[in-house]
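Asker: What follows is each chain in one-letter form.
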Amino acid sequence: MIEIDDVSLRVRDTGILHGIAAQVPRDGITALIGPNGAGKSSLLHLCAGLTTPSAGRIVLDGEDVHRMAHRDRARRIAVLTQAQALTSRLTVKDLVSFGRWPHHQGRPRDEDRQIVEEALRLFDLLGLAPRQVETLSGGQKARAFTAMAWAQSTPWLFLDEPLAALDPRFARDLMAQLHVMSRPGPEARGVLIVVHDLNAAALWADHVLALKDGGVFAAGPAAEVMTPPRLSTLFDTGFGVVETKRGRLVYPE
Amino acid sequence: MTRWIWGGAALIALVAISLSIGAASLWTSDLGSGWLIAVSRFPRTAAAILAGGGLALAGVVVQQAVQNRFVEPGLSGTPEAAMLGLLVITLWAPGAALWIKMAVAALAAMAGTALFLKLAAHVPRSDPMLLPLVGLIYAGILGAVVVWIAWSVDLMQYLGVWQMGEFSGVVQGRYELLWGIAVLAALLYTLADRITILGLGADAARSLGLDYGQTVALGLAVVAAITALVVVTVGALPFVGLVVPNIISRLCGDNLRRNLPVVAVCGGGAVLAADIVGRLVRFPYEVPAATIFAIAGAAVFLWLLHAAPKAGNG
Amino acid sequence: MAERRLILLALVLVGASAAFLLWNLRGPTGFILGLRATKLAALLLVGCAVGMATVLFQTVAQNRLLTPGIVGFDALFVTLQTALVLGLGGLGVAQLPPLATFLAEVALLVVAAQVLFGLLLRRGAGDLIRMILTGVILGVMLRGLAGLMQRLLDPSEFAVVQQAMFASFGAVDRGLLAIAAALLGVAALAALRLAPRLDVAGLGRVRARTLGLDHDRVVNQSLMLVSVLVAVSTALVGPVTFLGLIAASLGHAMMQTYRHAVLLPAAGMTGALFLVAGQFLFERVLGMQSTLAVLIEFLGGLLFLALILKRKGRT
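Residue numbers (this note's numbering), protein chains in the order written: chain A, 1 to 253; chain B, 1 to 314; chain C, 1 to 315.
To be clear, the hints were calculated from the coordinates, so they are not data collected in a lab.
Just the calculated beta-carbon pair ranges, DEER-fashion:
| # | chain 1 | residue 1 | chain 2 | residue 2 | range |
| --- | --- | --- | --- | --- | --- |
| 1 | C | 24 | B | 93 | 37 to 43 Å |
| 2 | B | 115 | C | 111 | 38 to 44 Å |
| 3 | B | 211 | A | 56 | 20 to 26 Å |
In the DMTMM-like style, the derived pairs of lysine to aspartate or glutamate whose C-alpha atoms are separated by at most 20 Å in a straight line are:
| # | chain 1 | residue 1 | chain 2 | residue 2 |
| --- | --- | --- | --- | --- |
| 4 | B | 118 | B | 211 |
| 5 | C | 310 | A | 13 |
| 6 | A | 141 | A | 173 |
| 7 | A | 141 | A | 167 |
| 8 | A | 245 | A | 206 |
| 9 | C | 39 | C | 283 |
| 10 | A | 141 | B | 203 |
| 11 | A | 141 | A | 124 |
| 12 | C | 310 | B | 127 |
Given the structure is predicted, the values throughout are model-derived calculations rather than measurements. Heads up, the beta-carbon is just placed ideally off N, CA and C, and yes, glycines get one too.
Could you put together the complete structure from these sequences and hints?
Answerer: Printed below as a string of structure tokens:
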């Protein structure tokens, strides 16, 4: 469980987040939603320990994220950021292999190699393994970076808009994969994901944390948060809803 | 694989040429060929290889740290900062031991490069060509300060020696500091993975559990030490750190655990070749290796600049 | 409003020039006045030429960071000088008729500029930074060549070259001044005639073309003028890489207008004022020689970095 304890973030003179207090449960997928500029990515980066809050603290499984040793944190949290520009000339396999680095620190074991193979297979990258990352298309690149984060095999996985570059098939595959990973049980992994596609959130997320203007707008089980009246206030536009066999879909009116 | 055999053969050939040519003939001289090799030719050859290898490695580190292929120590104010340190210590304590001067130069180089990294953080990444331009201007500003000080205290002659790398003055007893580069290179190899990870960017490096700031600082220290060593013993050599890593990266990618040794060897070979050309072009007079490399290196850089667009960010 | 500031700038420039001429005037008044007038004329000419050239260049290149100097003119000049000394010997160069040398240098720089900027034009504005970097690296290469040639000189001849390596406003040939002034005058008039079209060109190539401007033609004419202006000033006193950046940036900042009829004279006068006031301060008040050029490099470099960082703040 992640406890976000009255966290604020200021960058120079601009307040980005104000007094965020929320909890992210360990099992299930938690979707971070909200309008542009609400502070979703900033909160994700804070939870991952990539930036330090101006006030408050974030406790992950009982330990302050910003007090963990770097290596220790990398074994507990894997992050997929939006920035996927790569200036280095690395092959896809090299890149994914670096996901194992927190575990072996430069001396890979068989287990590490197996996990890399598994990640390549899972994200349909086996054929692309020897290719240079810079020669890939946007969607292929996104898959390579996601595979790298996956290969880190951490109890927590944070993804910042992982669906943006993916086609419908890979988007569904990824969400299904995250869904399986995060089912309750001893092996359950916590997933925190920033999504813009509300229907992906509606279909797959177990919990939703909605941010608006740098504060918490709503938090709770997906079915409770993703209602047309609440979404309408959140995005300042009307929402309609359609019930389907797979679940509830929402659309802006 | 054959590529490496050819590369190794080329380096051995270069070494053989370097050992055999010079103003005094190896076979007819009264001095004795063994003595000549031990005192002059071998030190010179070793110095060229060490300096070239070291600078090429330094180039890799800077490029990974700022995630930009078109940067090298010479384009980040490092040699100018080292010269500034040398000037200051020469003025302040002219009789100081060489290692003290060396240390001051390395510290100054480190401060100068750290300032460049600070600056680099503010340069938009969208255009990879902008950073080297900023680096050039930054080096120019430091250079203006150095020239102004040297001019006003009448040390222009020293400055000329530091600015223009050459190996004609290298003899036994006057280059041994350069072996420090071999030590630094070994240290760098143990960091190879970390430096590759630096190249993935700060966020990625942090999420892989790397202490980003510490790793950058460590890499920076190595770069500063190498540059200072080279400036103090033979003088600045432009473009080595840019051209060699770029070519190696084009040929075999950026996984440094595999590539660092190749980069070092090719850097050494390239500078040795420049030195040999400098010795031959107006035999028996000599042209500094730095001059040869500035011309050849700039030409390669121009080619890289215009051959780059295919490969995304360069 | 902008016109009023322009007049104010002109008055300040006149004041600075008067101070430069008359400050602490003693002894053989006529002789000293003559010496000072020559120097003042050189400062005014160079400042004007560099300032105007930079505004022209920045407008057609659509970039406020660029100056013709940054693109490698200084290096070309030094290489040229060195090649001349190497080919003819230091004494030989001293014996050459200054007029012929001067005109040859101007012609060569004009040709080189056309080649360099022609490349820029064909590459298009999208690749601008690449082109600048190309220019700068070419500069490094030329400096390397100059260094190579200097190695082959003996020390006394090296001194001849060294004089050309740092901008010197001290020793200017009086005969050259007249020619330079004439060339600059013609170029300046042509630039002012081009001003209304430059205002439109400043909107960018596509927009200018939709407004019916023959953009390429304007760019070509501007580059020709830039070449003449830069070549004349460089040949007159040597390289001053960053003066143009200072002049053009200050000119833009003071005038706050897109109108080249105002911008061109403003940048020209700013450049001239910077040189006259700087030289006055250094030579007369502080009694230091030959530091102005280094100071310009230093301040101009800082300004360049500041502009880049500011640009980042806006995006």
